[in-house]
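Asker: Since the structure of chain D is already known, use the hints to place chain C on it.
Here is how the chains run, residue by residue.
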Amino acid sequence: GENVEQHPSTLSVQEGDSAVIKCTYSDSASNYFPWYKQELGKRPQLIIDIRSNVGEKKDQRIAVTLNKTAKHFSLHITETQPEDSAVYFCAARWGGSARQLTFGSGTQLTVLP
Amino acid sequence: NAGVTQTPKFQVLKTGQSMTLQCAQDMNHEYMSWYRQDPGMGLRLIHYSVGAGITDQGEVPNGYNVSRSTTEDFPLRLLSAAPSQTSVYFCASSLQITTDTQYFGPGTRLTVL
Numbered sequence: 001g002e003n004v005e006q007h008p009s010t011l012s013v014q015e016g017d018s019a020v021i022k023c024t025y026s027d028s029a030s031n032y033f034p035w036y037k038q039e040l041g042k043r044p045q046l047i048i049d050i051r052s053n054v055g056e057k058k059d060q061r062i063a064v065t066l067n068k069t070a071k072h073f074s075l076h077i078t079e080t081q082p083e084d085s086a087v088y089f090c091a092a093r094w095g096g097s098a099r100q101l102t103f104g105s106g107t108q109l110t111v112l113p
Numbered sequence: 001n002a003g004v005t006q007t008p009k010f011q012v013l014k015t016g017q018s019m020t021l022q023c024a025q026d027m028n029h030e031y032m033s034w035y036r037q038d039p040g041m042g043l044r045l046i047h048y049s050v051g052a053g054i055t056d057q058g059e060v061p062n063g064y065n066v067s068r069s070t071t072e073d074f075p076l077r078l079l080s081a082a083p084s085q086t087s088v089y090f091c092a093s094s095l096q097i098t099t100d101t102q103y104f105g106p107g108t109r110l111t112v113l
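Protein sequence lines, in the order shown, are assigned to chains D and C.
For the first sequence, the positions run 1 to 113 when the working numbering is used.
For the second sequence, the positions run 1 to 113 when the working numbering is used.
Worth flagging that the hints you see were computed from the coordinates, not collected in a lab.
To give a feel for the contact side, a few chain C residues facing chain D, derived at Cβ under 8 Å:
| # | residue |
| --- | --- |
| 1 | G40 |
| 2 | M41 |
| 3 | G42 |
| 4 | Y48 |
| 5 | F90 |
| 6 | D100 |
| 7 | G105 |
| 8 | P106 |
| 9 | G107 |
These numbers were taken from a predicted model, which means no experiment stands behind them.
Ideal Cβ positions, reconstructed from N, Cα and C, are used throughout, including at glycine.
For reference, chain D alone in the conformation it holds in the complex (with noise of 0.2 Å):
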């Protein structure tokens, strides 16, 4: 199965700073990365994902990087605001399962005023 580290576990930044989270995941025929933030008791919400034929994907302030031979992914945040603050999981999914992903064990973002 599928394996994904995620670091750093914890990450405070500065207001209008950015924030970089990284993933690493095992199996090199997983094709699909999402990005999920996730609010003090709320629900996951996907903000980005990116599919492993391409190499960055950008929305406004945020931005994915994937590097296939490396196996690993980025999270990219710029001009943090205090609204940032969650916990940002990565997930992987497997090149050969059903729509299942393996997620990393998270990420909390707390950005400081």
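Answerer: Only chain C this time, still in chain D's reference frame:
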């Protein structure tokens, strides 16, 4: 659309009791799944279903049963609750087998005493 709904929101059980967590979606999604979320461990897949009448085990299936008699409903049954099953449970669904985006329900917080 109500999206993905879960009941109850909170539940307290005694060791050995059984119960069913309900999950329903009104988006005609083929794929449904159950995850448990424990502190520092991300989301782990319990069981999943790729369509009515078809279910399969995920990463942590022991102690749980599922069935999928209709496209809309995917209940999770705890056969004999144990303190180790204290967790937050999320149901999720995807539109079709070729669509990757998973939408999560609001979660059920379960405590087993």
